[in-house]
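Based on these hints, arrange chain C on the given structure of chain B.
Listed below, chain by chain, are the residues.
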Amino acid sequence: MLIDCNAYIGHWPFRIRKYGSCAALLSRMNQFGVDLALVSSLSACFYKNTQTANQTLYDEIHSQRIFRDRFLLMAVINPIYGGWRDDLEICHRKFGIRGIKLYPKYHGYDPTGPECTELIKIARDRDLVIAFSLRMVDSRPSSWLDINEEWDLKDLIPVIRTVPHARYLIQNVSNRIDLEDGDSQVLRDASVLMDTSGRSITNLGFLIKTYGPGKFVFGTHSPVLDYCTGLLRIESLRQEEADETVREKIRSGNARQLFNL
Amino acid sequence: MRNMEQINRRNFVRRTTLSSASFFFTQSVHQGAEDTMASAGTYDIMQEVRKFQKIDSHAHVYFSADSPETQIDYADRMKIAKLVISRPMRPGSPGNPDEFRACNDLVLHCVRKYPDRFIGQMTLNPQFGKESMEEINRCIGEGMVGLKVYNHVKINDPLFYPVIEKFIDLKMIMLVHVGIGKSRIVLDKREPPNISLPSDFVEIATRYPEAMFQFAHLAGGEDWEDACKSLQHSKNVYVDVAGSNNDAGIVDFAVEYLGEDRVLFGCDNSFYQGVGHILAATLTDAQRTKIFFENYNQILRKSGRHVD
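Protein chains in written order, with numbering that gives the first Met the number 0: chain B, 0 to 260; chain C, 0 to 307.
Careful, some of the hints might be misleading.
[Stated by the list, open to error] Calculated lysine-lysine pairs in the BS3-like style (CA-CA distance at most 30 Å, straight line): (1) Lys234/C with Lys301/C; (2) Lys188/C with Lys112/C; (3) Lys301/C with Lys228/C; (4) Lys17/B with Lys228/C; (5) Lys170/C with Lys214/B; (6) Lys78/C with Lys17/B; (7) Lys120/B with Lys47/B; (8) Lys104/B with Lys17/B; (9) Lys165/C with Lys228/C; (10) Lys93/B with Lys153/B; (11) Lys301/C with Lys112/C; (12) Lys188/C with Lys104/B; (13) Lys301/C with Lys208/B; (14) Lys188/C with Lys153/B; (15) Lys17/B with Lys50/C; (16) Lys234/C with Lys17/B; (17) Lys47/B with Lys17/B.
Calculated from the structure, these hints are not laboratory results.
Bound-form chain C, shown alone:
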């Protein structure tokens, strides 16, 4: 059946491309079609999707009626077993303790509802130092793993130091939003002044070499070449390749500059792109296994929260 299907495809291509030919074509085109069709094999993309266990290192849940079931549905479709979910505070929001507690409560609720699918990640605002430290104790005590922050404070702001030191002790990673930044060389006008940029990660990673930082969503609209080149020597900064901009070069470039052990699979709600661009990248299956699952699981292992 497969051979018949290939022969039919071959015949179709030959007829189709000959009908587009100019009067310059010769008989030799017939032979060309035979040779080239032999090379167009079959690729079962869903078999590839099923082949790899996955942890989505950058996922969210929302204050909406359809969440988290919508996220679970996409994860099922892409065979993503585990999602690391957070609900960071809206950019530009007051960012007060009531707000970050409510965000963390949402995450806790979702984890309790789907304990076999979600790993909960907390959020806070270091502008409220005492409350943030209390919140860390609460959330980690409830089983959350790691931190996700948006842009209330730059990651290398001294306000963050106590938080970072705490997460070093906890051996947990901190996922930090990155803006569009200097995509067009100058800082984008839409970005707030305290948005974290690659250079901020370099600075804080140098100050705290024992900490683990996760640079958010290389495919999320920032200049990913600039990011990877800036971060290449900051060995305690991981990058996730989540985001809607599935530019063809991102994953290969990240592996080239950061190494295969520092690149993390993530979707940030762009599930097709998250899986698709890792499948499309020039990687071995062993590298894909690392990026889809093992790299993040090694991070979780440091705090004893790894996935079996």
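One chain only, chain B, in its complex shape:
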């Protein structure tokens, strides 16, 4: 079984994204054998009022049975925008979200600041996963209007230290992933998983040895990145790096545990 823990539906303003609709993503899933996808709104990245994008995505998913059966919703919450607590309530109680996706760099807030910390604590208490992407797109060929900053893995450690008992998902692991010993231990001890879409996952076998087999989940970062590379990192593992049990954990088992599926 394959569960994609990093996919998006919606519009990206700087370049056409071919697989940004439910129908198009579903076609990819069927072609490549992916059973479920955790999806959030791509457009919400650029909305101050993210709830309109969450509603739009919820409506699209619920417009057809086939979408409802294959997509699980993550809501984008902007904790420095009015009414965000109500937004979270609606997304959790009515939309049935599995987690929240945060964009501190796009929405302009400090991820360790009081607003984001409060949001993460509420999500923790409601058993929702908190997801961050180290980057959305490669900034080099991006538009002059897009942000220029990307994260390294170490940049999220202060967030985890601030609320250590939440459940985190780090998506599109790009740029530097080396950590000092103390930070490495934080990553090991906390409930933090990383998906396989990011370009810095160059040696998944070594990372499994370093952090353990329970730390990785399958992800595509579709429609931004191609649909196969995240899967290739898993399936090209050698037997001595990851036996079938470990591979199945990464394909879906760890996601099931993370999202209580």
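Chain C only, in chain B's frame:
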């Protein structure tokens, strides 16, 4: 066993998505789950990887203890039979003859060590014209095929003309680094003034229609839409789709604008992305066969250095 596995997957999906449902759901969702699960087939990605013979048209070896074995290991993992390796000079380096000779010696050493895996590609600096021409004779005489250059000189600089004319005679391709360039419309501040841009390739390809140029790493951080659109009419410019930025649209866009015969598989050390985004692209197996192997082999065939 496969049917049981599909039934179990179907049951899991139905239970999972129903538990997320709001009170607006109706009984009809059960039927929906049955229908949709029938569509989620299986895809053996490693079977697809093994299906295609590959030549990595853009590979490197390094002055480090783990090279070239690290590159061989990744190539084994991705079932890449042949890698076209080079060791171009570091950007901003003096670029003098001692330096480019040392780079080429490294490549020659690696090819001798793994002759069945590597095709060696030389480098030079046309600012040192006499030494560069001598180096071409040496390296081609030792069996190297083609040229890789970085950014000491723009590709359309007149200093390059004798080199290009030589490689026309040799019927070999010249792989030229491309910078981030005008990704954000203006030239990126990090780029040196002599970085080659798509417009430079257009100019030099027009001047030398018999030459073969390889535009480096569409997935390497440059604006790939701008590159493909600029190069579409320059039929003697090939592009390789190597690089770490496996943006979902690159391969399809390149094939649309350049045609399936001018797109080359390459990794530039990003092996998963190099293979993955060709598998993910909307291509037929025949097109994948061309991109993974035949296109570059046709280029090698012109100089008689093709892979059997």
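Checked hints:
With a C-alpha separation of about 16 Å, the suggested pairing of lysine 234/C with lysine 301/C holds against the 30 Å cut-off. A hinted pair counts as satisfied when its Cα atoms are at most 30 Å apart, and lysine 188/C with lysine 112/C does not qualify at roughly 40 Å. Between lysine 301/C and lysine 228/C the CA atoms are separated by roughly 27 Å; this keeps the pair inside 30 Å, and the hint holds. Of the pairs offered as hints, the one joining lysine 17/B and lysine 228/C holds, with about 18 Å between alpha carbons and a cut-off of 30 Å not exceeded.
Under the criterion of a C-alpha separation no larger than 30 Å, the hint pairing lysine 170/C with lysine 214/B is inconsistent with the structure, at around 50 Å. Distance check on the hinted pair: lysine 78/C and lysine 17/B sit about 29 Å apart at the alpha-carbon level, within 30 Å; holds. A threshold of 30 Å between alpha carbons decides the hint, and for lysine 120/B with lysine 47/B the separation of about 21 Å falls inside it, so the pair holds. At roughly 25 Å between alpha-carbon atoms, lysine 104/B and lysine 17/B fall within 30 Å of each other, so this suggested pair holds.
Taking the CA atoms of lysine 165/C and lysine 228/C, the gap is about 29 Å. The hint holds against a cut of 30 Å. Distance restraint check for lysine 93/B and lysine 153/B: the Cα-Cα separation of roughly 35 Å exceeds the 30 Å cut-off, and the hinted pair is therefore not satisfied. This hinted pair checks out: lysine 301/C and lysine 112/C have alpha carbons roughly 26 Å apart, not beyond 30 Å. Distance check on the hinted pair: lysine 188/C and lysine 104/B sit about 22 Å apart at the alpha-carbon level, within 30 Å; holds.
For the hint linking lysine 301/C to lysine 208/B, the alpha-carbon distance of about 47 Å lies beyond 30 Å, and the restraint is violated. Pair hint lysine 188/C plus lysine 153/B holds up; C-alpha atoms about 26 Å apart against a cutoff of 30 Å. With a CA separation close to 26 Å, the supplied pair lysine 17/B and lysine 50/C stays within the 30 Å bound. With a C-alpha separation of about 27 Å, the suggested pairing of lysine 234/C with lysine 17/B holds against the 30 Å cut-off.
This hinted pair checks out: lysine 47/B and lysine 17/B have alpha carbons roughly 24 Å apart, not beyond 30 Å.
When the structure is compared with the earlier hints, violations turn up for hints 2, 5, 10 and 13 and for no others.
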